[in-house]
Amino acid sequence: MNEFNIPVHTTKTLVKAGVMALLVALILLITCILPAEYNIDPTGLGDKLGLTAIAEASEKVPEIVLDRGEQNHELRTDNIEIIIPAGQGLEYKLNMEKHAHVEYEWKTDGTALYFDFHGEPAEDKTGYFESFSITTSNNMQGSLTTPFKGSHGWYWKNESLQDVTVSLMTKGYYTIKG
Numbered sequence: 001m002n003e004f005n006i007p008v009h010t011t012k013t014l015v016k017a018g019v020m021a022l023l024v025a026l027i028l029l030i031t032c033i034l035p036a037e038y039n040i041d042p043t044g045l046g047d048k049l050g051l052t053a054i055a056e057a058s059e060k061v062p063e064i065v066l067d068r069g070e071q072n073h074e075l076r077t078d079n080i081e082i083i084i085p086a087g088q089g090l091e092y093k094l095n096m097e098k099h100a101h102v103e104y105e106w107k108t109d110g111t112a113l114y115f116d117f118h119g120e121p122a123e124d125k126t127g128y129f130e131s132f133s134i135t136t137s138n139n140m141q142g143s144l145t146t147p148f149k150g151s152h153g154w155y156w157k158n159e160s161l162q163d164v165t166v167s168l169m170t171k172g173y174y175t176i177k178g
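Its first residue numbered 1, the sequence shown is counted upward by one per residue in our numbering.
Keep in mind that the hints were calculated from the coordinates and are not lab data.
Take these hints with a grain of salt, some might be off.
The list that follows gives simulated cross-link-like pairs (lysine-lysine, DSBU-like), each with its CA atoms no further than 35 Å apart [said to hold, decoys possible]:
1. K98 x K16
2. K125 x K149
3. K93 x K107
4. K177 x K149
5. K93 x K16
6. K12 x K93
7. K171 x K157
8. K48 x K93
9. K125 x K98
10. K48 x K107
11. K98 x K12
12. K157 x K177
13. K98 x K171
14. K149 x K107
15. K157 x K98
16. K125 x K48
17. K107 x K177
18. K98 x K48
19. K107 x K125
20. K157 x K125
21. K93 x K171
22. K98 x K149
23. K107 x K16
24. K93 x K149
25. K171 x K149
Quick list of the computed label-pair ranges, beta carbon to beta carbon [to be verified]:
26. I40 x Q141: 29 to 37 Å
27. L90 x E56: 55 to 63 Å
28. V19 x L45: 16 to 24 Å
29. I40 x I176: 52 to 60 Å
30. Y114 x P147: 38 to 46 Å
31. L26 x N5: 14 to 22 Å
32. V15 x I54: 48 to 56 Å
33. G127 x T165: 54 to 62 Å
34. K125 x G50: 22 to 30 Å
Glycine included, every Cβ here is placed at the ideal spot set by N, Cα and C.
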């Protein structure tokens, strides 16, 4: 037969342990938590331990600086219809500065077009371009914050036997290249 000898604590022992835990928690609250979290230091110990510096750092609001570079600072909105001839492709571009932002939406009458949404750096002579989205669809909506100064836009290819009209809406900081 197995017998377990489990010690049972008296009420007096449990009350003592509870009071001790409460005292330790109170001491930690006054010496550590209040100085570090709220910059309240009634004992001066938080300053000596460097805890008040934590609270002071969290009280400072950082200054936010947005550098949009040299760009057209005028927000513009454009709606244009572009006809993509049957069996052909066409590009439409926006000139944008580095970190300029544009929101766009385009759609067709339902005919899906192959397209490449991409950008070409200004002054580049190598033919480099960076594609942001390549697929076949009859619509697309999104936004772009440009990674470099240059022309950014769409190449659509109409593989159908009929002309397709693209309705393009843009809003942002750009000039139209066409």
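#### Entry: Structure-inconsistent hints, enumerated in ascending order
1, 5, 6, 8, 10, 11, 16, 18, 23, 26, 30, 31, 32, 33, 34
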